[in-house]
Each structure stands twice: as C-alpha cells, then as structure tokens.
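The hints should help you fit chain B onto chain A, whose structure is shown.
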Amino acid sequence: MGVDAGEPRVLVIALAALAALIAAAAVTGDSTASAQSAAKKPNIIVIETDDQTLESFRSEVMPNAVKLIAGDGGTTFTNDVVTTPLCCPSRISYLTGQYGHNNGVLSNRTGYSVLTDKGSVLPAWLQEAGYVTAHVGKWLHQYETTVHPKTKVAPGWDEWYTALEPRAYYDYKLYVNGGKESFGDEKRDHLTTVLGHTALELIDKYVPKSKPLYLQLDEYAPHSGPGSKTARCKGAAVPAPSDDGVFKDEELPKPPSFNEEDISDKPSFIKELPSLSSAAIAAIQRRYQCDLESLVGVDHTVKKIWRALGKTGERDNTVIVFTSDNGYFFGEHRLPASKFRVYEEALRVPLVIRVPQAMLGAAPVSEVTQPVANIDITSTLLELAGAEPCAPTGGCRVQDGRSLLDLMGGNTASWPADRGIAVEFKEKGVPSELSASCAFFGVRTATNIYVEHPLIPDESGNACKPSDEAELYDLHSDPFELQNLLPVQPGSPAAQTEQALKARLEQLRDCAGIEGRDPQPPSGHYCD
Amino acid sequence: MFAIRDKPRLPASAIALAAVGFAALVALAIGLAALEGAHASKPDKPDLPPGLAQKPNIIVITTDDQTVAQLNESTMPTVMSQLAAQGTTFTNMIATTPLCCPSRATFLTGQYMHNNGVTSNRPGYESLVRKRAVLPAWLQKAGYVTAHVGKYLNRYGKSVRPDSTPAPGWDEWVAALEPRSYFDYELQVNGRTVKYGSDDPDYLTRVFNWRAVKLIHKYVPRKQPLFLSIDQFAPHERGAGDPAERCAGGAIPDPLDNQLFDGVPLPQPPNYNETDVGDKPSFIQDLPDISEEERLDIERRWGCALASLVAVDRGLSQIIAELQNDGELDNTVIMFWSDNGFFYGEHRIPAEKTIPYEEALEVPMIWRVPSQYLGGATQARTASSLVGNIDIAPTILDLADAQPCLGKAATNCRIMDGRSLLGLMTGDTTGFGPDRTLLIEQGVCGYRGVRDLTEVYIEHLGTRIENTETCNPELEIEHYDLGADPFELKNLYPATSNGVLEAQGRLFDELSELRDCSGVEGRDPAPPSGHYCQ
Chain A
1 MGVDAGEPRV
11 LVIALAALAA
21 LIAAAAVTGD
31 STASAQSAAK
41 KPNIIVIETD
51 DQTLESFRSE
61 VMPNAVKLIA
71 GDGGTTFTND
81 VVTTPLCCPS
91 RISYLTGQYG
101 HNNGVLSNRT
111 GYSVLTDKGS
121 VLPAWLQEAG
131 YVTAHVGKWL
141 HQYETTVHPK
151 TKVAPGWDEW
161 YTALEPRAYY
171 DYKLYVNGGK
181 ESFGDEKRDH
191 LTTVLGHTAL
201 ELIDKYVPKS
211 KPLYLQLDEY
221 APHSGPGSKT
231 ARCKGAAVPA
241 PSDDGVFKDE
251 ELPKPPSFNE
261 EDISDKPSFI
271 KELPSLSSAA
281 IAAIQRRYQC
291 DLESLVGVDH
301 TVKKIWRALG
311 KTGERDNTVI
321 VFTSDNGYFF
331 GEHRLPASKF
341 RVYEEALRVP
351 LVIRVPQAML
361 GAAPVSEVTQ
371 PVANIDITST
381 LLELAGAEPC
391 APTGGCRVQD
401 GRSLLDLMGG
411 NTASWPADRG
421 IAVEFKEKGV
431 PSELSASCAF
441 FGVRTATNIY
451 VEHPLIPDES
461 GNACKPSDEA
471 ELYDLHSDPF
481 ELQNLLPVQP
491 GSPAAQTEQA
501 LKARLEQLRD
511 CAGIEGRDPQ
521 PPSGHYCD
Chain B
1001 MFAIRDKPRL
1011 PASAIALAAV
1021 GFAALVALAI
1031 GLAALEGAHA
1041 SKPDKPDLPP
1051 GLAQKPNIIV
1061 ITTDDQTVAQ
1071 LNESTMPTVM
1081 SQLAAQGTTF
1091 TNMIATTPLC
1101 CPSRATFLTG
1111 QYMHNNGVTS
1121 NRPGYESLVR
1131 KRAVLPAWLQ
1141 KAGYVTAHVG
1151 KYLNRYGKSV
1161 RPDSTPAPGW
1171 DEWVAALEPR
1181 SYFDYELQVN
1191 GRTVKYGSDD
1201 PDYLTRVFNW
1211 RAVKLIHKYV
1221 PRKQPLFLSI
1231 DQFAPHERGA
1241 GDPAERCAGG
1251 AIPDPLDNQL
1261 FDGVPLPQPP
1271 NYNETDVGDK
1281 PSFIQDLPDI
1291 SEEERLDIER
1301 RWGCALASLV
1311 AVDRGLSQII
1321 AELQNDGELD
1331 NTVIMFWSDN
1341 GFFYGEHRIP
1351 AEKTIPYEEA
1361 LEVPMIWRVP
1371 SQYLGGATQA
1381 RTASSLVGNI
1391 DIAPTILDLA
1401 DAQPCLGKAA
1411 TNCRIMDGRS
1421 LLGLMTGDTT
1431 GFGPDRTLLI
1441 EQGVCGYRGV
1451 RDLTEVYIEH
1461 LGTRIENTET
1471 CNPELEIEHY
1481 DLGADPFELK
1491 NLYPATSNGV
1501 LEAQGRLFDE
1511 LSELRDCSGV
1521 EGRDPAPPSG
1531 HYCQ
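Each protein sequence line maps, in turn, to chains A and B. According to our numbering, the stretch in the first sequence is residues 1 to 528, in order. According to our numbering, the stretch in the second sequence is residues 1001 to 1534, in order.
Hints may be right or wrong, so weigh each one.
Okay, derived cross-link-like pairs now, PhoX-like style, lysine-lysine, Cα gap no bigger than 25 angstroms in a straight line [what the hints assert, rightly or not]: (1) A:K152 to A:K187; (2) A:K303 to A:K248; (3) A:K304 to A:K187; (4) B:K1408 to A:K150; (5) B:K1223 to B:K1141; (6) A:K465 to B:K1131.
Partial chain B-side listing against chain A, Cβ under 7 angstroms, derived [as the list claims (entries may be wrong)]: (7) P1473; (8) I1477; (9) P1494; (10) L1501; (11) Q1504; (12) G1505; (13) F1508; (14) D1509; (15) P1528; (16) S1529; (17) G1530.
Covered, in the sense of this in silico footprint (three residues per stretch, anywhere, with C-beta under 8 angstroms from a C-beta of chain A), are these stretches of chain B [what the hints assert, rightly or not]: (18) 1453 to 1462; (19) 1510 to 1523.
I should point out that these hints are in silico values taken from the structure, not numbers from a laboratory. Backbone N, C-alpha and C fix where the C-beta goes; we use that ideal spot for every residue, glycine too.
Here chain A stands alone, though its shape is the one from the complex (with noise of 0.2 angstroms):
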C-alpha cells in the first residue's frame, strides 16, 4: 500500500501537502528517521471515556489532560454535544460521521446489530488512506451478539485490544487481535491500567513507523460497573488502588437544575420522579467522588502518551481528541443518575483537540464556543489524514458533520451562523428507566433547544405510547433549563422560537449531508 497523501477532500493546508509529498518519496517500510516520516500524515490518538460530564474535565481531576492537551497549543470546544446521549449511538455515530437516523443506530438495545454497511467506517476508511489502525477498550453494544465468534476483530482494525460485555474493571476479558486474555483482581489487572499499558505498547510499536497510526482509546471509566473491593464505590466506577479514596472529600456539585424543585413545567415522565432524597443524595455524591478518582487514572494515560510521544519526537506530528461518549446526571432535574434525555448534563460533553500548528496552517484558537458535536470530529479526522468516507468495498458515507480544522484556525467564515444540530433517541421498546421518552427528537442550537417525544412509556410500563409533549429552552437566558417555555404564549418571542425551530427540526429529521459539499439527499434536507 503507498503512503500517498491522496487528494484532499476539502482543502488541505498547502505546507502540509508538500510536506506530506516530500516524506511519502522518502518512506520506506521501516523508518526510524523521524524527522522525515513526522512530516507526512499525522499520528491520531482518539481518547474517549464513557459518561464523563463536562464538569468533570477540570485541572483538579484531569490535570495533565487539561494542560498538555487542552492547554497551550490545544483548542477546547466549551459547546460541544453529542448527537443521541448514550454510549453505543453516541460512538456509532463518530465512526461514521453520520447521524443515528443515517447510521442505524440509536439505541444500546439494538447497538452494532443495526449498523449499516458495517466495513464502512473510520478506521476502514483511514486504513485507505495508509494509517495502521488500533482499537483499545470498549466496544460497540451488541457487537458480541451480532458476529460470530465474537473473538472476531471488527471492520478497519489492524490492532484490537476490546473489552465486550460484561465488563468490569477486574475480572473480565479482553478479545485479543482474533483471541482473548482473562485479566484477574490483582492491583495490575485494573482496567484502566491495562488499557493505559496496551496503549503505550502500541504507540511503542508503531511509532514513528512508515505509516501513521490511528489509535482510539476507548476508556471504560467513569462508567459504573463490576469490580469494586470496597462498599464506598460498589455500584459507581471502581478507581485504581492508587486513587481510591483521593476525592472522598469532593463536594456534589450542586447547580441550580440540583433537585430541581418546581418540576411541573416537565414531561410527564420527568413530573413523575420524587424529589431526592437525603439517602439519593448520599448514593449520588458517593457515586460522583468515586467516578472522579476513576478518571485519574484516565489521566496518568494521558500523561504517559504524552511522554511517549515526546520520547520518539512525535508530538508534533501527532493529533490528540480528548472527548466522551456522553454526559451524566448527578442528581440535576431530580435524576439521581443515567443519561439518554436532552438536558444539557447528558448532551454535553468535554472535547478537547490538539492540532499541531504546522497541520492548521494556523495559530490554534485555545475556545471555540460553538455547537459542535461528535459528527464533526469524524470529518475533521478525515480532513487531517486526506482520506475519504469511503469503505474498500466502494461504500461510501455521505458524512452529516464539518471539520472543525476552520474553526480551530480561528476562520469563523465558513461556519453556518446559528447551527443547528439534531438530537435524537429511539429505543427498542420501553427505555431502561421509565423517566425517559422511548424516543426523542430535538434540534439544538446555539442559544435553544427544542425537543418532541414523540412516544413515551404507557402506564403499564410495558410498553409505549404516543404523545405530543415537547420542551423548549432558552439556553442563554436559562441554562440550567428550568423552565420549559411549551405551551407559548400565541404572539410571544417563544412562539416564534417554537415556530423556527420546528421548521428547523422538519429538516433535519431525516437529513444527510452538507449542502454545497454532498450530493442532494434521498430526503431533499441537508443538514446544514
């Protein structure tokens, strides 16, 4: 396979081009010239955690990841959310590019199994176009009910180190490049630590190499799970020995939406929930300090590829993305845990990304304010490695995000004033927790969200049911979202915000693409 750059999709900056042109005559298959082989595609290091919030990613918690990858030189997105609020649409839908409306997925229930075109996703498409790719964590749900024998490496990996359910953070299986490991409850077997180890072994191995390398780290931390020696985090994510108890003392932070008191201007099924107790707040801030200690250990990783990556002199060839799946409740709108509704705890998340300066062709902003969302790193992940959404097999998928490369440069010209970005949620069956509306769909802008539910669960609990009930927010002017403003007064501002948004939302219901980049969609709606 060559090292060609390819031709860019969009634009490629002009200095990396001819970089990227000088290296690929010099490459052969095994390089140690570093400084050669650093001038072609960039290294790509995706790390994603699972259910961190945004309030999470702080100095105290995350030091190093705040400093060496947000900080000097790293650009951080303050607005950026995810497409459907939970862990196996929010993931599918950065593989892809795609919405879940577009990928088939938005739901954990149905996960991998409904994906279409399954050899058609970024790591595929970044094998095209010449880079080693590397997948180290957690996996897709369903993935190991969907193949056959569920040892088998998915579409696009070279390297695949996969953690598939159950999982926990001792005890527990990791499938293993066509085989699989069974890791004990020693200090060592910790799941962080082990995906922390496999990560640095790879970097070791394939960097600097003739091709660049795409490593997702797919952290399974601060999720819950299995594996807890202690009562304090049973039921909560188990931190590493070492940082079990550094948080203990960490106040719950308690934001305006905490418990929300006045609760009748919500759907029915949030109406329902009671107000929390003292004992829900025990469970919520012991859940909250143990979630905490477990992303220090996420941060130790990123410290030591950061290390590793100085040690071959690759940083600045190397792209990092911090980001996570998607966000969590802590007790905010009386929900004392879970995810997968549209209030801004769930569909916000941190994303921090670190373009070398040579590849933007441009001083890096440090803030980009914003919405943006997971779809978006897809296309941006595209446009640094000059690839194309486009399986070997000839599948391509019309991406439904944009590269933030413009963005992160500081030229605004090209972004659409007033995004609008759809979210959305459908459940096979009733949802796993009866406050949440079997589906949702909802467009986020810069300054509101507005979002129908369509079907939420009937009486019974058993099944679904129809429904008209709708939220609208003023996120500028109530960011905590604590007052809906449905039903509008006819004639009011909020009743034309309710008009422009359900327009808005018509279009991007069942939209694909960019208009003026992609092929007319099927539906007629771009989605920008």
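Chain B only, in chain A's frame:
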C-alpha cells in the same frame, strides 16, 4: 361421580373423638381414620417405570395471612413434628410483596411483581403477564401431573368465561374463587361448580384437606410424579359474620376446634400499640392508639386465627398418612409456607398485611426433602440466610429437574428472579451470603424497598392521583437497623450521622438496582434494564 352437595366422609367416631380431646393430640388419629374407608376401594396402580420414579412428588401447603408467631407446637403440631423436626426451617424468609395475590403470583412465576405484573389484588390475576408460563405448566413439561386445591389468584373468576374454567397448567382443578368463605361457598371442580352449605362437613379447610388426600390417593404412586398445591384460606379473616359467633369477622375454625385458643392472651411485643410514632410515615402517624375495646377484639381474632390453623395441621397429618399408606412418603417433598404475615396491633395497625414491617414481610417456611433428592445429604434443620418467595419456584424446578420454559426457544422461558434453595438445605450458602438483598415492593404508588439480613429501607412512593395511573411524587422513607432494633421502633431516616447517611446512600443505590431487576447473573440473559436481581 360427585353429588351437588359434595362432602368429605369423615367417620362420625373421629368427630366425636376430636370433640372431647385436644385437637393437637388427635389430629393424626383423625387423619388415619378418615382414610381407612378409602383404601378399600383403591384401584390397582401400574408399576413405576424406571427413570420417572426418580422425580419426587411435590406437595406445597400455603396458608393465608399466617404470621411466623402463629406457627408453633400448639397450633400446628404436625407441621412441627413431621416437617420442622425432619426438614429445614427457614428462619429469615420474607414475602417480597406482602399481599395475597402478588405473593401467590410470585410463587407461580419465581418473579418479583414488577416482572410478573401482579402488583395488587385488583385487578389481580388479570394483570399476570404470560398466563400460561407458570410453575404447574413447566412441571407438566417435566412429566408431572399437577393438581390445585384451594384459593387461587384474586379475581381469577372475573378473567375467564365461564369462571369454572381451570387455570393453565393444572390437570386437576379444585378452586375456591371469590366470594370466599369458610361455609356456604362454591368450589370450581374441573370445570364444574359445586356448592357447599353450612354443615360441619362443609367446613372449607376440611373439604380442601379431603380433596387433597383424594388426589394423592388417585395419583400416588403412578407413572407420573404429582405436584399438588394446597392453598388454604385459613387463617384469613372472613369479614362480617354473625356477631353471635365467637369468631365473627375473624378466621373461622373447624367446628371441632371452636373452643381452642379462646381467651389466649394477645402477644404484645414492644411495638404493640407503639407509643411514639413520630418517626413513622404519615399514614402510621394518623393511626389512633389502640383502645382497650379494640385490643380485646384483636385478641379475639388472634385466638380464632390460631384455632383455624389446627384444621390445616390436621390436613397435613391426613396427607402424610396417605403418603405412608402409598409407600411414597420418602418419595415426596413437602413444603409449608404462608403467603404473607399480618398485623395484630403492632405499630398501632389493628388488622392489615400490606405495610412492609417485619410482621407482614416475614412468613414461615419449612421444606421436608428426602435425602435422596439432596444427593444423599442430611437436611440442615435450619437455614438462616435471607430467602424469599421468589426462591420457591426455582427450588421446585430444581427438584423436578425442570426449566421455566414452555418450549425450547428462549422466548418460551420466563426469567426467574429467585434461586434454588436446595443448596441451603444442606448447608451450602453459595448465592445466599450475608450480602444478599431482596426487593420489597407493593402497588403502583405503594412502596419500594430493600431488605437484607440486618437492614430494611423503604420508600413510600406517595398517593395515586385520582383516576390516573400516576402518583403524587411524595416520598416518605423508613430505614431500620433490624439487628439493634428488631421491632422497628426507631426510623433512622433522615440520618443524623455520617455513617447512617452513607448506609442510606448505599441502600438507595441497591434499591435503584433492584427495582427493575430481572434474573440472576451467570444464569440468565442480560436484562433490558441492565440490572440483575443478584
């Protein structure tokens, strides 16, 4: 074969004998005497083919609203001597939903009410999900002949046409549907309705006993092992009655036992007529003190309940005698339990069962399992691990080498929430360690809670909004340390120390896990909620 007035044929001599003696002492004698006539006409039974004989007959006797304290040497000497002294008594057994119909639905399904759908007595049977997927039907698949005698799930008769239709899974069907009464009632017998009057031989418990014995006589020993469920009505209270009667409004004893336990003092544990209920939820705080007049009434009903159990015990002696005569006692598992407990003035509750204090949750349960079904091991006399009614069906299936399935496909199976108790009966506590936690739950807007060996934590969910299926989300919480405070006098919620607050946080999370749980990890498929029951 049956007359419209179908009566047990108790020899007059036996009745006379009982009338002059202590019921406890003569119970066995009556049982034996009652069966003498029947043996003469016993048909020849085929020899047992090898293989099938390996499965035990299984006989379950369920009483109705019987408390743990009501099971003792004086009320039920046969249960004590034939079951407790030879089998395993479970000293920490609870009904996960302390109410007749949900508890019995759990017995039939091995599931918590949130999985089998039966959350209350109304609509009762109608709300049972997958009505064919029940214990007797699974046992039929495993080669059993199945027989039901007695009370069935509430409002069963309202959900079938005609109401004499036997319920799915039963080869033999003798059911007392509503309105139930100790006299002047109807039985549904294999599709026909049989009326009973008010003479002594019509006494409900006697009729159940006699019919149970007849069914054993008919099916034991045969090619097929027998599963017989005897659902007694005693000591359930009957409601209104002739005020001249001793037991008006209470449980009606067999006329043979009408003088028994008259005037026995009402037990008054420390929580009887609880003095300080300021720590309790509002509906307990609203209860008035128990007056002396009321105390006397509770005491009267207490004595009647005790007396009504004597006939149940007598039935067991008749059953054992029949099994002995058939040479099948050692091939038969016998289990005795009650569907829920009852209050007799504890916490100021004069007469009730649904409230989740220990008096309602705890029930007696004893299993007599011949050692051949325990791999030759001897039964432990007691098992103190926490167990629940969800564990009964898994245990019976284990004994019968059966699965909770109507067919081969996984969709034909019910996922049970409990686990087999057979290991515990030989002292193996695997799966029943001190960390075992059971869910307790009631109704749509009732309560949910968790109970382990040392603590109970309950969230009362509020009141139902009228004409809707939704609840006013008004939480009232109770938390008791059962080790230090077995009578639940001091509600620890809200916590006044960090230690207790942390414990309550842990219990809250356990409840969050269990409230929508299903199945047992390692045995059952991953539940939709993501939460296994264990």
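Against the structure, the hints:
{"no.": "1", "hint": "A:K152 to A:K187", "in the structure": "violated (28 angstroms)"}
{"no.": "2", "hint": "A:K303 to A:K248", "in the structure": "holds (23 angstroms)"}
{"no.": "3", "hint": "A:K304 to A:K187", "in the structure": "holds (18 angstroms)"}
{"no.": "4", "hint": "B:K1408 to A:K150", "in the structure": "holds (24 angstroms)"}
{"no.": "5", "hint": "B:K1223 to B:K1141", "in the structure": "holds (14 angstroms)"}
{"no.": "6", "hint": "A:K465 to B:K1131", "in the structure": "holds (24 angstroms)"}
{"no.": "7", "hint": "P1473", "in the structure": "holds (4 angstroms)"}
{"no.": "8", "hint": "I1477", "in the structure": "holds (6 angstroms)"}
{"no.": "9", "hint": "P1494", "in the structure": "holds (5 angstroms)"}
{"no.": "10", "hint": "L1501", "in the structure": "holds (5 angstroms)"}
{"no.": "11", "hint": "Q1504", "in the structure": "holds (4 angstroms)"}
{"no.": "12", "hint": "G1505", "in the structure": "holds (3 angstroms)"}
{"no.": "13", "hint": "F1508", "in the structure": "holds (4 angstroms)"}
{"no.": "14", "hint": "D1509", "in the structure": "holds (5 angstroms)"}
{"no.": "15", "hint": "P1528", "in the structure": "holds (6 angstroms)"}
{"no.": "16", "hint": "S1529", "in the structure": "holds (4 angstroms)"}
{"no.": "17", "hint": "G1530", "in the structure": "holds (6 angstroms)"}
{"no.": "18", "hint": "1453 to 1462", "in the structure": "holds (count 4)"}
{"no.": "19", "hint": "1510 to 1523", "in the structure": "holds (count 4)"}
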